[in-house]
Amino acid sequence: MNKIEQLNFLIKELISEQERYKNLKIPKEYNEKRKLLRALMNVREPYEASEEFIKVQDEFLKTESEEKGIVELKDLATLDEQFTEKSNKHGNKISLWQGDITSLKVDAIVNAANNQMLGCFVQCHACIDNAIHSAAGIQLRNECDELMKKQGFLEPTGSSKVTKAYNLPCKYVIHTVGPIISGTLATDDCKKLEACYKACLEAAIENGIKSIAFCCISTGEFRFPRDKAAEIAINAINDFLDRNDEKIERVVINVFKREDFEIYKNLLG
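For the sequence shown, the positions run 1 to 269 when UniProt numbering is used.
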């Protein structure tokens with residue numbers, strides 16, 4: 001199958017799963033087809049799909065990932081290389097990089113999840129949870145569902161869980177639930193965000209993960225102030241590396257927005 005044929009097949013398979021989709025029309029334009037596929041994947045409940053669906057989906061998503069461009073760890077400068085005029089505590093082990101976290105070929109990327117830990121169900125939402133699940137494929141939600149059913153309760157803030165990465169270039173996804181800010185930032189909120197970073201790094205060591213890329217946890221939909229979040233992230237990473245320097249080869253601080261890059265740049269460089 002070519003990409004159009006793959007898209008049509010995947011859309012038709014997802015439509016056939018639900019009676020409510022029976023009158024849904026498949027658009028003719030490629031970008032609209034792609035948007036519909038993502039939307040159908042986003043709202044799909046966690047359950048098994050046919051082997052053929054998984055095969056075609058995996059081929060499609062991996063081709064898409066390669067076409068988008070895969071960024072390898074060797075392509076990322078360390079802080080020592082980025083900011084040569086200043087000395088950073090662990091500048092040889094930390095990188096600051098602006099880009100799409102789903103393109104990173106590191107051991108693990110961090111997903112800012114919600115406490116249901118099943119990914120974002122909002123169609124084509126711009127959050128990182130949605131982006132990661134959309135690029136990984138439906139297997140990621142299924143694995144998360146298995147973990148949550150086994151646990152039997154919602155994921156606590158400041159903890160973490162490790163899953164496979166499926167069609168992402170990385171090997172694993174580490175999911176963590178950050179604090180939600182509804183009013184004035186409290187000391188407890190800061191402690192919970194710090195716990196997220198430490199829980200992810202501890203999970204990395206427990207699973208033999210040597211390189212990890214963090215997103216800006218809680219600063220999007222969860223409304224944690226960006227400058228304070230960056231300060232907490234840097235302190236938590238440095239503190240962890242003080243005690244576990246030999247166990248982690250690289251920590252990537254991944255930002256998507258230029259605003260966040262400038263905040264980290266001012267703090268690190």
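Hints listed in this document are in silico derivations from the structure and should not be mistaken for laboratory results.
Just so you know, these numbers come straight off a predicted model, no measurement behind them.
Note that the Cβ used here is the ideal one computed from N, Cα and C, for glycine as well.
It cannot be assumed that every hint is accurate.
What the hints assert, rightly or not - Using C-beta positions, here's what the derived DEER-type ranges look like:
1) Glu29 / Glu59: 35 to 45 Å
2) Lys62 / Cys124: 17 to 27 Å
3) Leu147 / Val122: 36 to 46 Å
4) Lys74 / Ile26: 20 to 30 Å
5) Gly208 / Lys28: 18 to 28 Å
6) Glu146 / Asn266: 40 to 50 Å
7) Arg20 / Lys149: 45 to 55 Å
The hints, checked one at a time:
no.	hint	verdict
1	Glu29 / Glu59: 35 to 45 Å	violated, 22 Å
2	Lys62 / Cys124: 17 to 27 Å	holds, 21 Å
3	Leu147 / Val122: 36 to 46 Å	violated, 21 Å
4	Lys74 / Ile26: 20 to 30 Å	violated, 41 Å
5	Gly208 / Lys28: 18 to 28 Å	violated, 47 Å
6	Glu146 / Asn266: 40 to 50 Å	holds, 42 Å
7	Arg20 / Lys149: 45 to 55 Å	violated, 25 Å
In summary, the numbered hints that this structure violates are 1, 3, 4, 5 and 7.
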